[in-house]
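Protein sequence lines correspond, in order, to chains A and B. Under my numbering, residues 1 to 312 are what the first sequence spells out, in order. Under my numbering, residues 1001 to 1358 are what the second sequence spells out, in order.
It is worth saying that the hints were derived from the structure and are not from the lab. Treat the hints with caution; some may be incorrect.
Far from chain B by the CB rule (all over 12 angstroms, computed), these chain A residues [as the list claims (entries may be wrong)]:
#1 76
#2 128
#3 131
#4 164
#5 285
Derived lysine to aspartate or glutamate pairs resembling EDC-like cross-links, with alpha carbons at most 16 angstroms apart [said to hold, decoys possible]:
#6 B/1150 <-> A/192
#7 B/1150 <-> A/74
#8 B/1150 <-> B/1265
#9 A/138 <-> A/192
#10 B/1150 <-> B/1005
#11 A/204 <-> A/192
For each label pair, taking beta carbons as the anchor points, the in silico distance ranges come out as [unchecked claim]:
#12 B/1156 <-> A/8: 26 to 32 angstroms
#13 B/1311 <-> A/96: 16 to 22 angstroms
#14 B/1305 <-> A/195: 47 to 53 angstroms
#15 A/130 <-> B/1052: 51 to 57 angstroms
#16 B/1201 <-> A/8: 20 to 26 angstroms
#17 B/1153 <-> A/131: 31 to 37 angstroms
#18 A/205 <-> B/1217: 21 to 27 angstroms
#19 B/1152 <-> A/18: 27 to 33 angstroms
#20 B/1310 <-> A/195: 49 to 55 angstroms
#21 B/1258 <-> A/131: 36 to 42 angstroms
#22 B/1123 <-> A/195: 36 to 42 angstroms
#23 A/96 <-> B/1217: 47 to 53 angstroms
Every residue gets a Cβ at the ideal spot worked out from N, C-alpha and C, and that includes glycine.
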Amino acid sequence: MSNILYGVFLAPFKDMAGSPAFLAEVLIGGIFAGLLYSLVALGFVLIFKASGVFNFAQGVMVLFAALTLVGLMERGVPVPAALLLTAAVMLALAFVIERVVLRPLVNQPYIILFMATIGLNFFLEGFGEMLWGANVKKLDVGIPDRSFIVAGVQINQLELFAAVTAAILVAVLAVFFQRTRIGRALRAVADDHEAALSIGIPLKTIWVIVWAVAGGVALVAGIMWGAKSGVQFSLSLIALKALPVLILGGFTSIPGAVVGGLIVGVGEKLGEVYWGPLVGGAIENWFAYVVALAFLLVRPQGLFGEKIIERV
Amino acid sequence: MIYREAGQFKMTYASDQAIFPIVQDRWLVAIGIVAAFVVPPLVANEYWLQAVLIPFLVYALAAIGLNLLTGYAGQLSLGTGGFMAVGGYAAFKLTMAFPWLDIIVVFLLSGVIAAGVGLVFGIPSLRIKGFYLAVATLAAQFFLVWLFNKVPWFVNYASSGTITAPNRAVAGLMVTGPNATAQTRYVVALALVAVFALVAKNLVRGRVGRSWMAIRDRDIAAEIIGVRPLQTKLLAFGISSFYCGVAGAELVFLYLGSAETLAFDITLSFLVLFMVIIGGLGSVLGSFLGAGFIVLVPIFLTNVPHLIGLPLPVALQKQMELMVFGGLIIFFLIVEPLGLARLWQITKEKLRLWPFPH
């Protein structure tokens, strides 16, 4: 018994204090993974905020964007043109989704829309693989992937690049939401659909824009994930990793998605490295969920979510 | 004209509240059950029993379980696969530890164990709702599957990490294991589903079902009129997990024969959720229709290219399958968001007037 208590409460911290450089490396790895989770979670938040749809297909959108980009590059399209073309494809996808899936389902209960996005998930998965093939592809858009050492801690250029990109993306989105006319319209729609409609905000256009922005975020996430671990089917499974990020940060908060992602990424890595061996490892799959669950019991709306006010 | 309840007077409250108040329904169900017991074992071949009918029955039971929780009590759950895994592994451990125990009793006991696990994971439902709850139930899914994967005790230290259904007989007839015929396994699965479907039907018409629906429709209002949310939600989680647990045990023992944790991963949870939604939320009949639909569509999609003389490469066929499956789900949700059960209801309303609609 005292052995277990020692293993849970003392040994991990002793290990951490014993080798701070290793701890720093674990932390950096966690932060990097967390930023990538945030990028996926951002797409969820954008769509949920504006249309109340819980878009389960976000993970597959990441895969689809990455597949399209790689497919175009394999056919000899130069990188900048391929990026633009992929962005255009994601925009077209947003149009089609709005027209074919969302518009006929307006005013349906949330669970129906959720199921529809799972259907979309299956469809895009098959479609992407049919277009571009199912084998693992390497994505190289020219991001350097060398490591250098600062104060005894190994830092990877790719990770640094991803961190900077994520920061820029969040800043751009924040400015877009707070300072532009469209951003204001988006926030209005998120606040109250009917009120937004009554003052003349075109709901359908807004939805297309939101899905297109989410597609763009998916493209960025796809590039990062693809550069890290290759473009393959398992990419679509990171959507499942983004879910605990969402409940930690709250479904409606952009900063929440980032902070939640960091908490999940760091917590997961620390848990896996220091506590995982106690129970045989591979706890990454559920650790984040349990953390998020414990968290929800204290704050049901997440860190930054809107307070849930209920009345009869 | 065929389906007219005119002249069927309810003289007592009991007859008014019967599970099937209309004579035609009673006949239909009775004939349906008898036909299901008699016809397929006589006419269906091994392939149909093994690949279509047995999975249909197993999934139908799981779908009824999830429908009680999601359709009637309104608690969205993505942990079905995890709870089914509990049932499957519990049945394996029980029948290995007590080989003399009747296998049907083992199924029921593993259902009880799954219910216990379901109760534990149902506790958060008191504070969190909707999608937050759905994500929270994913914790159950991942944790349980990881647990069965990691702890060798659950597979009796088998190096392959799989659980295999041993030979077990009921009243001299081999029910599970490699020596059991598909016919026997079909009849056992059917008997269990028939009993539990009637139990579910009975549950949802009574006090328990009504309190579930009250919680689903407006939980705060339900609380004010005296429905206790903690007990009601936990009961829904418990009973739903019991159904899923029995279905999980059947999945291993009657359908697959042997299984590893991969059989219970998140895909299974989504599959059962699809059945419930396509069949119709809040309908026991819908669970059957949904399960039938989801079992038949992939078989249909695999066979169509051959039938029209257009054999596709395997990879392409797999991708087409995914696309058609996804497309069909979206199509169905758009055309009939209330599910296949609603179509049956419309048919009944039409039949009431047919052939003189005006």
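Cross-check of the supplied hints:
Distance check for residue 76 of chain A against chain B: the nearest CB is about 24 angstroms away, which clears 12 angstroms, and the non-interface claim stands. Its closest Cβ contact with chain B, about 9 angstroms, brings residue 128 of chain A to no more than 12 angstroms, contrary to its assignment away from the interface. Residue-level check failed: residue 131 of chain A sits 9 angstroms from the nearest beta carbon of chain B, not beyond 12 angstroms. Here residue 164 of chain A stays apart from chain B, with its beta-carbon at least about 30 angstroms from theirs, past the 12 angstroms limit.
The Cβ of residue 285 of chain A sits about 5 angstroms from the closest Cβ of chain B, inside the 12 angstroms cut-off, so the non-interface label is violated. Between residue 1150 of chain B and residue 192 of chain A the CA atoms are separated by roughly 47 angstroms; this puts the pair beyond 16 angstroms, and the hint is violated. Under the criterion of a C-alpha separation no larger than 16 angstroms, the hint pairing residue 1150 of chain B with residue 74 of chain A is inconsistent with the structure, at around 41 angstroms. As the CA atoms of residue 1150 of chain B and residue 1265 of chain B are separated by approximately 14 angstroms, the hinted pair is consistent with the 16 angstroms bound.
For the hint linking residue 138 of chain A to residue 192 of chain A, the alpha-carbon distance of about 43 angstroms lies beyond 16 angstroms, and the restraint is violated. At most 16 angstroms may separate the alpha-carbon atoms for a hinted pair to count; residue 1150 of chain B and residue 1005 of chain B exceed this at roughly 57 angstroms. Between residue 204 of chain A and residue 192 of chain A the alpha-carbon distance is near 14 angstroms, which keeps this suggested pair within the 16 angstroms criterion. For residue 1156 of chain B paired with residue 8 of chain A, a C-beta distance near 28 angstroms keeps the hint of 26 to 32 angstroms intact.
At roughly 30 angstroms, the beta carbons of residue 1311 of chain B and residue 96 of chain A sit outside the given window of 16 to 22 angstroms. Distance hint check: the CB atoms of residue 1305 of chain B and residue 195 of chain A are about 51 angstroms apart, consistent with the given range 47 to 53 angstroms. Distance hint check for residue 130 of chain A and residue 1052 of chain B: the Cβ-Cβ separation is about 27 angstroms, which falls outside the suggested range of 51 to 57 angstroms. Between residue 1201 of chain B and residue 8 of chain A, the C-beta spacing of about 48 angstroms breaks the proposed range 20 to 26 angstroms.
At roughly 46 angstroms, the beta-carbon separation of residue 1153 of chain B and residue 131 of chain A lies outside the given 31 to 37 angstroms, and the hint is violated. Distance hint check: the CB atoms of residue 205 of chain A and residue 1217 of chain B are about 34 angstroms apart, inconsistent with the given range 21 to 27 angstroms. For residue 1152 of chain B and residue 18 of chain A, the hinted distance range of 27 to 33 angstroms is satisfied, since their beta carbons lie about 32 angstroms from each other. At roughly 53 angstroms, the beta-carbon separation of residue 1310 of chain B and residue 195 of chain A lies within the given 49 to 55 angstroms, and the hint holds.
For residue 1258 of chain B and residue 131 of chain A, the Cβ-Cβ distance of about 37 angstroms falls inside the hinted range of 36 to 42 angstroms, so the restraint holds. For the pair residue 1123 of chain B and residue 195 of chain A, the supplied restraint of 36 to 42 angstroms holds, since their beta-carbon distance comes to about 38 angstroms. A beta carbon spacing of about 35 angstroms between residue 96 of chain A and residue 1217 of chain B contradicts the range 47 to 53 angstroms that was offered as a hint.
Comparing the model with each earlier hint shows violations of hints 2, 3, 5, 6, 7, 9, 10, 13, 15, 16, 17, 18 and 23; every other hint is respected.
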